[in-house]
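So the protein lines, in turn, are chains A and B. Counting from 1274, one number per residue, gives the positions in the first sequence under our numbering. Counting from 6, one number per residue, gives the positions in the second sequence under our numbering.
Wrong hints could be hidden among the right ones.
[As the list claims (entries may be wrong)] Below, computed lysine-lysine pairings styled on DSBU-like, alpha-carbon distance capped at 35 Å:
hint, chain 1, residue 1, chain 2, residue 2
1, A, Lys-1389, B, Lys-157
2, B, Lys-24, A, Lys-1481
3, B, Lys-96, A, Lys-1481
4, B, Lys-126, A, Lys-1481
5, B, Lys-251, A, Lys-1481
6, A, Lys-1481, A, Lys-1392
7, A, Lys-1481, A, Lys-1352
8, A, Lys-1419, B, Lys-96
9, B, Lys-319, A, Lys-1510
10, B, Lys-238, A, Lys-1389
11, B, Lys-22, A, Lys-1389
12, B, Lys-157, A, Lys-1510
13, B, Lys-238, B, Lys-251
14, A, Lys-1481, B, Lys-225
15, B, Lys-96, B, Lys-157
16, B, Lys-225, B, Lys-238
17, B, Lys-319, A, Lys-1389
18, A, Lys-1389, A, Lys-1474
19, B, Lys-83, A, Lys-1419
20, A, Lys-1392, A, Lys-1474
21, A, Lys-1419, B, Lys-251
22, A, Lys-1392, B, Lys-24
[What the hints assert, rightly or not] Label pairs and their calculated CB-CB ranges:
hint, chain 1, residue 1, chain 2, residue 2, range
23, A, Leu-1310, B, Ser-213, 44 to 52 Å
24, B, Ile-60, A, Leu-1310, 51 to 59 Å
25, A, Gln-1524, B, Asn-236, 18 to 26 Å
If you're looking for bench data, these hints aren't it; they were derived computationally from the structure. Just so you know, these numbers come straight off a predicted model, no measurement behind them. All residues carry an ideal CB built from backbone N, CA and C; glycine is no exception.
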Amino acid sequence: MDKNKVMSMNRRIGRRLNSISLPSEILINIVLALFCLMCIIPFIFVIIISFTSSESIRQIGFSFTPVQWSMDAYNFILKLGDQLWRSYYNSILITVIGTVISVLITILYAYALFRKDFKLRGFFMFFCFFTMLFGGGLAPTYYVCKLMLGLSDNYAALVVPMLLNPFNVIIMRTFFQTSVPTELIEASAIDGGGEYYTFFKIIVPISKPGIATIALLNSIAYWNEWFIPLLYVRDAKFFPLQYLLYRMQSQADFLAKNASMIGPEASKMIANLPEHSLRMALVVLVVLPIACAYPFFQRYIISGLTIGSVKG
Amino acid sequence: MSKSLATLKSPSRGFAKRKKTLLLITMVLPGAIWLFLLRYVPLFGILIAFKDYKIFSKAPNLWNNIIHSEWVGFDNFKFLFTSTDSLKMIKNTLGYNALWIALGLVISVSFAIMLSQLTKKFIAKTYQTLMFFPYFLSWIVASYFLLAFLDKTRGMIPNLQQDLGMQVTDWYNTPGPWPIILTLANLWKYVGYSSILYLAAITGIDSSQYEAASIDGASKWQQIRYITLPNLKPMIIILFIMNVSKIFNSDFGLFFTLPMNSGPLIPVTQTIDTYVYRVLMTNAGNPGMSTAASLFQNLVGFLCLMGANSIVRKVDEDSSLF
Chain A
1274 MDKNKVMSMN RRIGRRLNSI SLPSEILINI VLALFCLMCI IPFIFVIIIS
1324 FTSSESIRQI GFSFTPVQWS MDAYNFILKL GDQLWRSYYN SILITVIGTV
1374 ISVLITILYA YALFRKDFKL RGFFMFFCFF TMLFGGGLAP TYYVCKLMLG
1424 LSDNYAALVV PMLLNPFNVI IMRTFFQTSV PTELIEASAI DGGGEYYTFF
1474 KIIVPISKPG IATIALLNSI AYWNEWFIPL LYVRDAKFFP LQYLLYRMQS
1524 QADFLAKNAS MIGPEASKMI ANLPEHSLRM ALVVLVVLPI ACAYPFFQRY
1574 IISGLTIGSV KG
Chain B
6 MSKSLATLKS PSRGFAKRKK TLLLITMVLP GAIWLFLLRY VPLFGILIAF
56 KDYKIFSKAP NLWNNIIHSE WVGFDNFKFL FTSTDSLKMI KNTLGYNALW
106 IALGLVISVS FAIMLSQLTK KFIAKTYQTL MFFPYFLSWI VASYFLLAFL
156 DKTRGMIPNL QQDLGMQVTD WYNTPGPWPI ILTLANLWKY VGYSSILYLA
206 AITGIDSSQY EAASIDGASK WQQIRYITLP NLKPMIIILF IMNVSKIFNS
256 DFGLFFTLPM NSGPLIPVTQ TIDTYVYRVL MTNAGNPGMS TAASLFQNLV
306 GFLCLMGANS IVRKVDEDSS LF
C-alpha cells in the first residue's frame, strides 16, 4: 500500500524507477551538505580573517562578519623581506625538481615490474613492496640520512627523502597492466626499437593519464611537505613555505623578530604590523595554488587512487 | 609468430635476452638504489635499539658509533613497558587508531552509499569535490584553521562563549575536549578521500543486480544490505588490513601541529611517533630508546598485518591481501 503510494508519487514528480524517495533524498542532501560545509568553511574563514583590519580583530576577534575590512595584510606581504620570497622560490623549486625526478624513478621502476619477461621481476617487486610492510622507523632513518648521506641543510635533503613511494609504484604498474597491450612492446622489439626507445616513444605517450596522476600526487606531497625540513633543515635559506608557516606558528613572534622576514621597508611600520591577518594571508597564499588547480586535477587523482586501491 | 620473428632477427637469442634483462635492470636501478639507501640501510640502524649509543670519539660516523657502542640487550625497551608516560602514549596511539578505523569505515561507507543514491549527478560531483578538498591540505595549514576557531583571545569560539556570557575555555590548555577535536580533524581530512574510494567501487557494481532486486520488490535497505555491502566487502577488508597494520603508527602532523606543541595537552596528544620525534630532536632521552620505540612500533605493526591477513585468509581466502 504505502509502497505503491511512494512509487506513484515518484512517478508524478518524474523520478526514475528504483531511485530513493524524495524525503530521504532531502535528508541525504542535508547530511552531505553539512559535511561539505565543514570541509570548506575553515578555508573561507581564514580568507575572511586575512581581509579583516587589525582594528576589527582587536574589537571582536576573528569573525565571519568583521566590522571593518582591509587589504593591509596583503599590502604588507608585498613589502615583506627576502625570507618569504625565498621560501616561495624554495617551495616551487623543490616541487618541480622533486616531481620530475620522482616521476621518472617511479615510472621506470613500475614499467620494469610490469614487464612479465623481466627475469628479476619477482625480486625487485619484493624489494619494493617489503618496505611498505617493515622499515627501520623514524630514528634509524633520520640517523642514516643525516649522518651517512649528508642530507642536512641542502636542497637534496628536501628532495631525496621523498623520491619513491611504493604506493605510487603500485598505481603505475596497475595502470600499465590495464592500458598497455603486451603486443605493443613485442611489435616495437621486432621493429628493432631498444628498451628505452620503446619506453619513451611508445609507452610514455599512451600512459599520460597515469603519469599525470603520479605527477600530481608527488607535486602535492612536495608542496605540502614540512616534516622533512623539520628534521633536516636548520638554515632559513632552505625553508620552504609550509615550514615557514610552521615556524611562525611555533614561535609566536617569528614575524616581528626575524629581520630577513620583515625586511627594511616593513620594519619601519612594525608598530602597526597586522600580525594576525598577515599570518592568515600567508596561509591563503599557500593554499591558493592547490585550491585553484584542484578542480582540474581532481579527476586524475580519483582515477589514480581507485586504480591503486581497488586492484593493488 | 612474433616470437619466431624475434628469434630470426637477433644474432644470438641468449645475447639478446641478457641485453634485455640488463637494460631492464638499469630501469629499476635508480629506484632500487634509493630503496637500498633510504629503506634498507636504516634496517641495520635497528642495532642502536640494543646498544648504549655513544659517539665514538676517534672517528665519529654512524657505523663506528654503532659498532663501538656497548651492547645492552633489551634495556632500551624496558621503559616502554614500565614508565607511565610510555604506557599512556601506547594507549593513546591504539585508542585513537581503533576509534578512527571504526568511525572512518562506518562514515565513509555511509557517505559513499548516500552519494551513489543522489539522483542529480551534478550535485553528487559537487559534494565529492568539496569533501575531497581537505585531503590536499597539510596539517600545518589545518592547524591555522583550528587556531582561527580556538585561539584564546581572538578565536571565534572563545569570543562566542564570551558573547553568550559563558566561561571562556582556554582550549590549548584544556586536555578534556582534545580527543573529540582530534577525532573531528581526522574525519575532516580523510572521510572525503575514503568515501570517494568506496564510491568508485559502488559505481563499479553491475546495475542489473539492483534492477533485478527492485523488480523482485527489494527495498533500498535490502539492496544495500544484500548487494552493495557484499560487493564492497573485498575493498573494506583490504583497507581494514592496511589500517590495522598501521595501528601502532600515528598521523604525526595531526598530533604534533594541531595542539601547537602545548605542554598541558601532551597526556592526550602524545603518541609513539611524536614521542620518537621529541626524543630525537630535544635529546631528552637517548637514541637507543627512540630506536627501540620505532622498532617496537614496526614489529608489532608487521605482526598485526600478518595476523589480520591470516585471519582473513582463513575466513575468506579471496579477500586476503596476500
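A quick look at each hint next to the structure:
no., hint, result
1, A/Lys-1389 to B/Lys-157, "60 Å, violated"
2, B/Lys-24 to A/Lys-1481, "27 Å, holds"
3, B/Lys-96 to A/Lys-1481, "45 Å, violated"
4, B/Lys-126 to A/Lys-1481, "27 Å, holds"
5, B/Lys-251 to A/Lys-1481, "32 Å, holds"
6, A/Lys-1481 to A/Lys-1392, "27 Å, holds"
7, A/Lys-1481 to A/Lys-1352, "41 Å, violated"
8, A/Lys-1419 to B/Lys-96, "31 Å, holds"
9, B/Lys-319 to A/Lys-1510, "55 Å, violated"
10, B/Lys-238 to A/Lys-1389, "30 Å, holds"
11, B/Lys-22 to A/Lys-1389, "13 Å, holds"
12, B/Lys-157 to A/Lys-1510, "33 Å, holds"
13, B/Lys-238 to B/Lys-251, "20 Å, holds"
14, A/Lys-1481 to B/Lys-225, "40 Å, violated"
15, B/Lys-96 to B/Lys-157, "29 Å, holds"
16, B/Lys-225 to B/Lys-238, "18 Å, holds"
17, B/Lys-319 to A/Lys-1389, "30 Å, holds"
18, A/Lys-1389 to A/Lys-1474, "20 Å, holds"
19, B/Lys-83 to A/Lys-1419, "27 Å, holds"
20, A/Lys-1392 to A/Lys-1474, "23 Å, holds"
21, A/Lys-1419 to B/Lys-251, "26 Å, holds"
22, A/Lys-1392 to B/Lys-24, "11 Å, holds"
23, A/Leu-1310 to B/Ser-213: 44 to 52 Å, "36 Å, violated"
24, B/Ile-60 to A/Leu-1310: 51 to 59 Å, "54 Å, holds"
25, A/Gln-1524 to B/Asn-236: 18 to 26 Å, "51 Å, violated"
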